[in-house]
Amino acid sequence: MPDNSPEMSLQQAVLQITSLSKSYMMGEVRVDALKNISLNFYAGELAVLLGASGSGKSTLINIIGGLDTPSSGKLFFYGQEITAATESELTAYRRRSIGFVFQFYNLISSLTALENVQLVTEIAENPMSAEEALKLVGLGHRLSHFPAQLSGGEQQRVAIARAVAKRPELLLCDEPTGALDYQTGKLVLDVIEKVNRELGTTTLVITHNASIAGMADRVVRLRSGEVFEDSRNLTRLSPSELVW
Amino acid sequence: MNLLHKKLLRELMRMKGQMLAVAAVVACGISVFVSMSSVKYSLEASRERYYSRYRFADVFAQMKRAPEFYSETVSRIPGVASVSSRIVADVTLDVPGLDEPATGRLISIPEYQNIPVLNDLCIKKGRYIEPGKTEEVIASKPFLEANHLLPGDHISAVINGRKKELLIVGMGLSPEYIYEVQPGAFFPDKRRFGVFWMSRRALSSALDMTGAFNDLSLTLAHGASEKDVIMQLDHIFKPYGSLGAYGRNEHLSDRFIQDEIKQVGIQITFLPAIFLAVAVFLLNIVLRRIVATQRDQIAVLKALGYSNEDVGLHYLGFAMIPTAIGAIVGTALGAWLGRGLMGIYADFYNFAELVYLFRLEDVALSVLLSFAAALFGALGAVRSVALLPPAEAMRPDSPVTYRAGFFDRDALRKKMPITLRIIVRNLERRPWKASISVLMIALSVAILIAGRYTYDSLDQMTKVEFIDKHREDITLIFSDPMPPSVRHSIASIKGVIEHEYYREEPVKMSFGYRSRRQSIKGMESASGLQRLVDKSGRQFGLPSDGILLTTTLATILGVRPGDMLEIDFQQGRQLHGNVMVSATIDEILGLSAYMDREALNRLAGDGGALNAAYLRIDQSKAGELNKTFKQMPGVGGVMMLKALKESFDELIAQSMNTSTVILTTFASILAFAVVYNGARISLSERGRELSSLRVLGMTRREISLILLGEQAILTLVAIPLGFLLGIALSVLLAHALSSELYRLPVVFSSFNFLFAFTVIIIISALSGFIVNRRLAKLDLVEALKTKE
Chain X
960 MPDNSPEMSL QQAVLQITSL SKSYMMGEVR VDALKNISLN FYAGELAVLL GASGSGKSTL
1020 INIIGGLDTP SSGKLFFYGQ EITAATESEL TAYRRRSIGF VFQFYNLISS LTALENVQLV
1080 TEIAENPMSA EEALKLVGLG HRLSHFPAQL SGGEQQRVAI ARAVAKRPEL LLCDEPTGAL
1140 DYQTGKLVLD VIEKVNRELG TTTLVITHNA SIAGMADRVV RLRSGEVFED SRNLTRLSPS
1200 ELVW
Chain F
43 MNLLHKKLLR ELMRMKGQML AVAAVVACGI SVFVSMSSVK YSLEASRERY YSRYRFADVF
103 AQMKRAPEFY SETVSRIPGV ASVSSRIVAD VTLDVPGLDE PATGRLISIP EYQNIPVLND
163 LCIKKGRYIE PGKTEEVIAS KPFLEANHLL PGDHISAVIN GRKKELLIVG MGLSPEYIYE
223 VQPGAFFPDK RRFGVFWMSR RALSSALDMT GAFNDLSLTL AHGASEKDVI MQLDHIFKPY
283 GSLGAYGRNE HLSDRFIQDE IKQVGIQITF LPAIFLAVAV FLLNIVLRRI VATQRDQIAV
343 LKALGYSNED VGLHYLGFAM IPTAIGAIVG TALGAWLGRG LMGIYADFYN FAELVYLFRL
403 EDVALSVLLS FAAALFGALG AVRSVALLPP AEAMRPDSPV TYRAGFFDRD ALRKKMPITL
463 RIIVRNLERR PWKASISVLM IALSVAILIA GRYTYDSLDQ MTKVEFIDKH REDITLIFSD
523 PMPPSVRHSI ASIKGVIEHE YYREEPVKMS FGYRSRRQSI KGMESASGLQ RLVDKSGRQF
583 GLPSDGILLT TTLATILGVR PGDMLEIDFQ QGRQLHGNVM VSATIDEILG LSAYMDREAL
643 NRLAGDGGAL NAAYLRIDQS KAGELNKTFK QMPGVGGVMM LKALKESFDE LIAQSMNTST
703 VILTTFASIL AFAVVYNGAR ISLSERGREL SSLRVLGMTR REISLILLGE QAILTLVAIP
763 LGFLLGIALS VLLAHALSSE LYRLPVVFSS FNFLFAFTVI IIISALSGFI VNRRLAKLDL
823 VEALKTKE
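Which chain is which? The protein sequence lines are X and F, in order.
With positions in the first sequence counted from 1, the corresponding number in our numbering is that position plus 959.
With positions in the second sequence counted from 1, the corresponding number in our numbering is that position plus 42.
If we strip away everything but chain F, and leave its shape as in the complex, we get (with noise of 0.2 Å):
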């Protein structure tokens, strides 16, 4: 080490706090980089791996019974590796411990071979059903665990309108259902569904299936065009009550994952760039200030005969150093943070193994990124310690210069005390530090206010969905479409105190050369049970005639209010008619087509047949409700709003608090730095005149006013701007973090603006507080002794 690394080490020793202020920012950037990136890595990898392993499909299509030597038709179409059909149905649960009934999604296996051709199981406890023994299923691992059910133990269901006891032998997972969510719902209830799968047999004997199958699921050969085959598939299982074959990127479980990794990038880009912009600006004035008060040494390492470079990398140091211990702490964080979440993912995604992968790449990369950073922050003052002559870097520094300025007016003045005074004119002679100072701190308000954005967004979310859009308690599922007359036998139910119905039918739409498979709801009223509200909370009526669109899926056909869509109905007459899109609703979730019942009734050319009803019921009579609920038979599916909503707040919680945790502590790191350091340089630019004002006998109390009134006044003119800046910063996310699953809505609780103040008022307080006992050390008699 030679001396001019002994002086490096020792002068960061001395201004040790400055220098891990900046060291955190660096770390709290990489961390996020590291943690993020090796996140996304992770479930990228994680579910490529489940995917290949387990010989997830790429092309699926439901259909209400096509017959078996059709699967062997399609294996003959080209471009087609690997056909599977299996038997699918929902039906009606009854749990031991669960009062109300949950819903069950029974899936056909092979008996003999002990392994589905695709769409593999995991089997994590017990094992594969035995051939002949038809009462034998095995559940999803989720589904067992939230009930506290085991392989061993019993469960009921109603299978086409007969109950059935089955008997649990395995507990498994599978790449259909990385994501487990009831058909309908968007939010996973654990105890409430449930996915099974059983012998084939016994399935298609329960269900007079025999020599049939309503689900083909398929893998392409390499280079095969998706979008042939499934025009292949659309045309052979048209008759069949096909709804429409679709690939992977449509399948639900794998859209919320491709989401989720999405969401992650984003988060890889927006959050490091701010804390990486934020040590630019620390290492820029801080080297500032150490060559400002470096100047005489400067001069006399230049005359002992060191060159500009030994000078210039002995400044760079003093940049590079808290970087790189930045970069050591932050890749280590980011590691251990990048575990943990993995962690949350594990509870949120039902992945066979969750590999955590760590790569040396993202590592490199975000530790070239934050070096390039510091040198960037620190080009400026290490250029002019390189090109400063020894004898000008003898001569003091040119003394500040300041000139009357805005404030000066006679007006003003005079209502300004002098400590104000001086305060005001530092800042305003240099409007440049100030005004990046500001945006600075704005920028930590602004990542609190967008790291608690999503808690409100959720939160008009639930009062949406939850509250505005849905007032009834359970939602029915008819396994098939029921005649009119259903109602009655419902309205006969003791207990149910109002009950509404809707159809939904698969259509495929079409306009000019844009086409999707979507299902039309259609619906008896919009000011009922179920209502239409958008993502602000605005509702919205039923048109008489025409189609009511989401917005996103009238981007999507690239349709405008007025537009006639073409409709072709998948299923009974199979009719092709034309709707005119009476408007576009902004909702949360999904995409959606809603009709009035009777409108669509006539568009496809029936008396109209229901699919579901929405029940309110008397809660008293919930008990027999659920008992009769179970047994029912033709319901495929049983919701509970409730339940739904808590299962989603219990979700929400979990993973809101984590993410908030992080992004709060991070906040506040870069908020303190920020101050902390403006203040230490404050302190260290006018340390002289301070201790003047106490020989002239100022107090403490006062010179600390003239000190941290800067800083707070850059703090208050901050909070506002960082207000609006977290208000875009959220619009941003928004936008960017919104998929055709779900929008988030843009709203902002007062509740959110509260926090972020305070944080920001508690942190300034505690680094003026800190910064503030340094005054009390303050040498009044070395201050006198030595010219600026």
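With the rest of the complex left out, here is chain X (with noise of 0.2 Å):
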């Protein structure tokens, strides 16, 4: 259900998707992983989109991420029709406004991690030096090792600074936390929730620990390709308090 609430519809609405809906087929089977979704997003939010695994919530990050098309419905970004849009509008619209930070973190191991960051700098319109956007993620000393030679959080570290480095209108955090332990994951929420208070980047976090939804401005819980619960927190918990 959409998020209609006085205050936010003062506010701009990054993302409106109405009557979303994503089938596909398994085999033989028929997959119905989205079923008829509308629901806003505003700028400078951050949201966190909890559900178990096959609640449909990585379809929606993947649709909205433009990887992905609905097979019913629409998605506009700042009132632009994402659905209709071509392959290569899609590949402009990732390049351009979109950053994502995945599970498996996804760096080219053949690129240092300064390099990781400048494969987006390189291409993006107004980014942010490469460097800026380590020492942002807290890895301003590590920028000419390779993936090989970083612990897996400060390889998420790196990508979440590729992410961010190209200044993107939506952060989409797929998983962040899931191939890393405890300490690890806090710390990588820690930077997650800087990027979004300090540059005030609207940010979707998709998870199955429902421990994380502590630190968003909202919460939508999906379950069967539906949302079933959208709610707001009245304060945001710094991730250093979550506990799971």
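None of these hints come from the bench; they were simulated from the model.
Treat the hints with care, as some may be off.
As the list claims (entries may be wrong) - Restricting the straight-line Cα-Cα distance to at most 27 Å, the calculated cross-link-like pairs of lysine-lysine (DSS-like) are:
#1 F/Lys669 x F/Lys684
#2 F/Lys684 x F/Lys505
#3 F/Lys205 x F/Lys536
#4 F/Lys819 x X/Lys1033
#5 F/Lys536 x F/Lys206
#6 F/Lys206 x X/Lys1094
Two chains, each in its own frame: build the complex with the hints.
The structure is reproduced here in structure tokens:
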């Protein structure tokens, strides 16, 4: 159900999702991954999309990120219809507006931390410097290390630096702590929270870890491809206060 | 079929492009091996069969004129099995439909037995001559076919100064003329040279040779010493102007076939070896990649209870099945190619029956070799599979480690765009793989270069032989040595612009214990119609006093410039003398010795005789001149330089085009297999990275650049290396294919390099294009869900 509270409707909606459905064939079985979802996300929001495996959260974030197309329904990004975009328009959309953080970091193993970030700053329109982005995630001293020389947490922070260096309008984090231990996971969430707070980037974090919901402005719970709860936290917890 | 077999087949189908590329490389190697070894065996067998069925002689001797009873004397020499004496003469022919005069070699055959004792004839059409009919002749098949003549047609010849009409009654072939060339020529000119067999009685009366012979052939008894028999023959016929007896190994026709067989033998070794080496490499990289991507499956199989052998053999199947397909296709292709090649040989060589024999041993050997190669290529990967503990296999492969390399120096790095940095690091990280890929692509470039090298070589040969060296239009070869006064009668012929003469004197040359039958050419000048030009086109002068030897002849005799050579003249006064080797010249064709004609006359101790004339003519008078030469007495042969060049060009075009097409195709397959597999493996290794880059906003073009850029760099590095390897391979080939008959000059045209470059670029672009299409199908979402 869309959040149409009076104070939110004053703010500009970054994303408008209307009646979005996605079904696909898995072998010979039809899977309805998303069923008629309508949601708006607003500038500067840090939202956590919570759901168990198979709830449709990854499908949703993939459609939002321009990696997948819905079966029906529409998605608008600042009023532009993304669901009607061509392949090259989608590439440009990802290039310009979206920052991705993946569960498995997806760093380029043949590039150093700095270069992995430069990979994005070289093709972005108004990026921050790669060094600056790495400083932001606390890796100012590990610039010339290759992924194989970094810990998992450090690799994920490089991935976050890479995602935010282009100053995206939307930061999409897909299970960012999924492959990390407790302490490192919290460190990474700290960085995501910091980016959201300091840069004001609209941030969507998808996770199956309910404890993470505490750090968000807003929590959207998904179940079997449907939104079954969309709530706001009165206060955001700092990631260091989270326990799981 | 058990489940592992099913898995194997399904996965092979899934990677059919790569597997077909491997199979194609194996098929190329096997088809070259099978076709070449079957051609070699077929040539050997056809030759042996022909020789034994038609009683080809073992030893040959030519002399001026020897009394007939000496053939009886020879038959009593210990070791001689059978003897045949003949009369042989070269005459000028007037062939219907041919403007220029042609040359005929007349060979006597017995009138009554219907069968020569040695060097028998295979009558292909028509019949044997009838006793008493002196005008009847059997003509050689290539000559008749080239001139569109048939039994029943007439031809006229000038024999001993008299014109005689000859009736062709049969079309025949002889083991003596499997390679049919005019004496003094190296290349067949089927229209202008033919062999004719006619009755001994008719020929002896026409040539005033009754009760005498000038040609002797004999076969040796089992275990007899050829050398001893030759010595005795030389002794017997010395007073009769013997040119020295010789065995089959010096028989021109047999030499050409022997050389051909030797050359085919060389091709059997080098080409398949290259293809198998590439197959080993391809299987190695492909299997390593399969094993790397299937670590979890290997673990599961082992956890389920499959033994190391089961799993190891399963992965070995990935190497063996494409090899088996390659072996089957290669064998069939090889048999087809072999048969086709034999068809080309049938145009060059006149066998009574050219049999195509396909030996199972050759197939078995090649298949065995390719399976050994496949096993060798797969061994490393299969071993790692067998040794991998299941628990370890469950864990992902250890992450790829990169370190700063040469290109990471600050100055360089700052200039390189990130995509280029990714490419360079990938190459730097596995220098061995990159180097071997470069080597494999370079080998295909090398095959292209070496395949076309013979073109350039033959071009150079044509240039040196037909332009630089010979400037005459016509060579008149006299039947008998002429006195110097002949120049006046030739000079008086209307239309002759320039005329130059040479003496050709058969001698025995000796240095220490080595000796050789050879003729010395006494020239008037080396700057007139005939010049002395080596294989690189360098011009030599004629020594005023010494002797100039071709390099190969000098090597055979073991002499160097400055050494004194002993000369025994075989004819005339048969003097013995010494002459200093002044220099050596590396000529393309044959073995030669050159002297100044005056110096040769002095050494021979006579006033000089002339054996042939080079003429430059006024082309507008060619018609009249042709008529004159057709009837000119005392002329045993007429050679037209232009006609020789034309028939040489035709011959070369026919054979070279086929082999160039085959080699170009095979080299292209090789290059495609290497580049395509390289790109496919890169795609498999880096698919996830490339997907991540796409998600991060890179365009398809940008990620193509990363994927194909690596292959492009490898290809660009490989091309110059391939040029060098191609040159080395050509030099080796030139060396291996050189014989006493000819030495291939080592020359390369820029077109050769341009051709190889273009072919490789097209092939690389094509394989890049095919792999690039797969980039469009990258599953961006999937890549993000899985860990490497």
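Item to complete: Quickly compare the C-alpha distance for F/Lys669 and F/Lys684 to 27 Å and report which way the hint goes.
Response: Answer holds: F/Lys669 to F/Lys684 is near 18 Å, not above 27 Å.
Worksheet item: Are the Cα atoms of F/Lys205 and F/Lys536 separated by 27 Å or less?
Response: 22 Å, holds
Discussion item. Next pair to validate is F/Lys206 with X/Lys1094; report whether the Cα-Cα distance is within 27 Å.
Written reply: Violated - the C-alpha atoms of X/Lys1094 and F/Lys206 are around 108 Å apart, more than 27 Å.
Fill in: Hint consistency between F/Lys684 and F/Lys505 [alpha-carbon to alpha-carbon, up to 27 Å]
Status holds; Cα separation ~12 Å.
Worksheet item: Taken at face value, is the distance from the CA of F/Lys206 to the CA of F/Lys536 at most 27 Å?
Response: Given pair F/Lys536, F/Lys206 holds - Cα atoms ~25 Å apart, limit 27 Å.
Worksheet item: Do the alpha carbons of F/Lys819 and X/Lys1033 lie within 27 Å of each other, as the hint requires?
Response: 25 Å, holds
In terms of the numbered hints stated before, the structure departs from hint 6 and from no other.
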